[in-house]
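K.L.:
These two chains come separately, so use the hints to put the complex back together.
For the record, the sequence lines run as chains S and W.
According to this note's numbering, the first sequence is numbered sequentially starting from 2.
According to this note's numbering, the second sequence is numbered sequentially starting from 14.
Among the clues, some could well be false.
Stated by the list, open to error - Here's a subset of chain W near chain S, in silico, CB distances under 8 Å, partners left out:
(1) Glu60
(2) Asp100
(3) Ser179
(4) Ile181
(5) Asn185
(6) Asp195
What the hints assert, rightly or not - To list a few chain S residues with every Cβ distance to chain W over 12 Å, as calculated:
(7) Gly46
(8) Met95
(9) Ala97
(10) Gln100
(11) Ala104
(12) Phe156
(13) Thr157
The set of hints was computed from the structure by calculation and includes no laboratory data.
Here a beta-carbon is modelled for each residue, glycine too, at the ideal position from N, C-alpha and C.
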Amino acid sequence: MKNIKILTLVLTVSLMVFNCSNDDDNIKTTTIDFSGTYTQEDQMGRPAVNTVFNASADKDAFNVTIPSAQNAAFQSKFETNLLALSPAYANGGMNALGQDVAAFTGLLATDVLNVSLDGTTTFFDGVAANTLSGRALADDVITVELLLIFGGEDFTENPGLSNDNVDANDKAFFTSFPYLASPH
Amino acid sequence: MKNLKRVLGLGVVAIASYFIVAADHIDAPEVAGGNSDITDFYAFQGENTDNLVFVANLQGLLSPANTGAATFNENVLVEFNIDTDQDNVEDLVIQAIPRNGKMYFFGPVTPSQTGLNSNIQTNATAGGIVDITAYGDAANISTNGGMSFFAGPRDDPFFMDFAQYSEIIAGNATSFNMPGADTFAGSNVMSIVVEVPKSMIGGSGKINTWVESKRK
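Bound conformation, chain W alone (with noise of 0.2 Å):
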């Protein structure tokens, strides 16, 4: 173990700094440009399994106090990108943006432009609409050719003894606690939740997938 805690206080010099990357998921919604910070993503099979379901989510750590308050911001688009040949460039996308109480889905549709840059895929032949539901609503769900749609605030599905992994790193504990703590336990984060029939997909096989937030 003494061996162990040199190499870890090795670590520390190079990864100091990882407090403040950390500190990305954990970002507080006040801070400017919040509103674009992804704190997880998911993909898994639906309860219908002939589908996939996306999530992302973004600003990590609500309050239940300051969750009412947070919103989606209509200059940042959320957009899952789908690989459907293994090169890691998105074949497919499927795109999220607010407008007016309303979360507005395009896809899934060949972008017009892969990369950093994105329009808004109004030409898109599939997506829909569903209302953005209000902190202590129940959830608003719609659907339209075979997708369901849903955006608003949700319990952070996230769990980690984050508070016990910073003080490892930080050379101030050599282990994990037992149990641990959830960090993220009482905490909200906004969500954005599409289902989506695999055959439009791909249809079978391997996907690469990832979420990106872009600012208009």
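The following block holds chain S by itself, in its conformation from the complex (with noise of 0.2 Å):
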């Protein structure tokens, strides 16, 4: 029955739009189009992944790849593109989460963002237990991720590369819906 309520507002709405238009009296036109097949074109889960990891030759390939299919088709990529880009992971070396170059690229390679709906949301925070459980609008994600990549087991290795200094958004956000601030 819900579902016919939306139905319902639907038309509704789209009478109140085009009521004062000549074609008022035909229903057909009154109607709101949603038919059709949509086509995907890009895809994100957790920030900056298709960014870094990927070289330009596979972005609009990983964009347009389900992310049941990512790892298998990609991880092996970001491993060699991880190496490259960061001397953290050379001779087995891991980052602070114990993960050696396999096993980061191995979870960055599913782009799906991992979501508790038990409590507290962020991407990091400190607290291990929080690691991964969500994205927070005031979450430092560029400095984790740089942690990450450079900051080796104890988040000490490469500081001058493992932070980019910008720690905060230029506007508060907001403690209610919508949340994000309005716009400049």
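P.N.:
Below, the structure is given as structure tokens:
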């Protein structure tokens, strides 16, 4: 029944929009057209994954590879690119999550955002149990990713590359819906 | 550091193309197809902790002068995907599609097909409609069935010294600056925000989510 309610709502709104036009006695022109097939152009799970870990030749393909097929198609490429990008993974080096290059790129290659429905939601807040439990607006995701890329086992390696030193947004967020700040 | 510099220098060969790739986030809206470019995706617990909030941002680096002319394209569907059983295949979707100055939301609903092609799930038993907020106006918010909806221009919540990152990748710098400079400060995006009761997307445990843009 709710189904019908929404359809009715759609029709009602469309009638309100169009009932000043000359076509308002033709029901077909007053129905909003939601038909057709929509084909994927872009997708995103975690921040900056396609930006940082894919070469341009792979970027379009990554955007139209379903997440369940991304690991097989891209993990080895991510691993090659990460080893080229960061010395922190050379010679069996690991990140602060205890992941070597294969494990870290294995996590990232499937580009979905893991989200907890049971409490805190953050990319990383320093509490191990909260790691990758969502992405909040104020999360400094780039510094977290830089630390995981360059920071080594204890976040102390390559300090000049492990923090972009931009730690917060330029406008304050709202605590209530819609949360994002008004435009500049 | 010398060794590191050499490693980074080698990296440049493999990743010089990252400029082009990275420009996806900061694509100018005038570029053809720019209205389907996703800049960011967020998922977090709402002010009401029984709810989860999804945010999709499109059309990055809108200057204040250009924001008033930015629009959602009626041929571009934005789809939030929710995997509730850890196989990275969507079990539920929330679709957002603009028509005549309003954003229509369908779902959470089981999609008629998973993957790269979608039809608008007009069979959805959940959803809502909100007037797209005009630049300069107070945010229009609507609610229906425990869900909340917003669509319109917002400050870009993303922050990063992207310019210095590019210099490092290019081999022109060996470290970030202190302090850094937020490349995205003062710029806007086109945002879609939907808040949904957790009970409608799995209730408890972990979900996997991602956002897609799809064109008719």
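K.L.:
Next step is simple, just say for each hint if it's right about the structure.
P.N.:
Now for the hints, and whether the structure bears them out:
{"no.": "1", "hint": "Glu60", "result": "holds, 5 Å"}
{"no.": "2", "hint": "Asp100", "result": "holds, 6 Å"}
{"no.": "3", "hint": "Ser179", "result": "violated, 11 Å"}
{"no.": "4", "hint": "Ile181", "result": "holds, 7 Å"}
{"no.": "5", "hint": "Asn185", "result": "violated, 14 Å"}
{"no.": "6", "hint": "Asp195", "result": "holds, 5 Å"}
{"no.": "7", "hint": "Gly46", "result": "violated, 4 Å"}
{"no.": "8", "hint": "Met95", "result": "holds, 17 Å"}
{"no.": "9", "hint": "Ala97", "result": "holds, 18 Å"}
{"no.": "10", "hint": "Gln100", "result": "holds, 18 Å"}
{"no.": "11", "hint": "Ala104", "result": "holds, 17 Å"}
{"no.": "12", "hint": "Phe156", "result": "holds, 15 Å"}
{"no.": "13", "hint": "Thr157", "result": "holds, 14 Å"}
In the structure shown, a violation is registered for the earlier hints numbered 3, 5 and 7, in ascending order.
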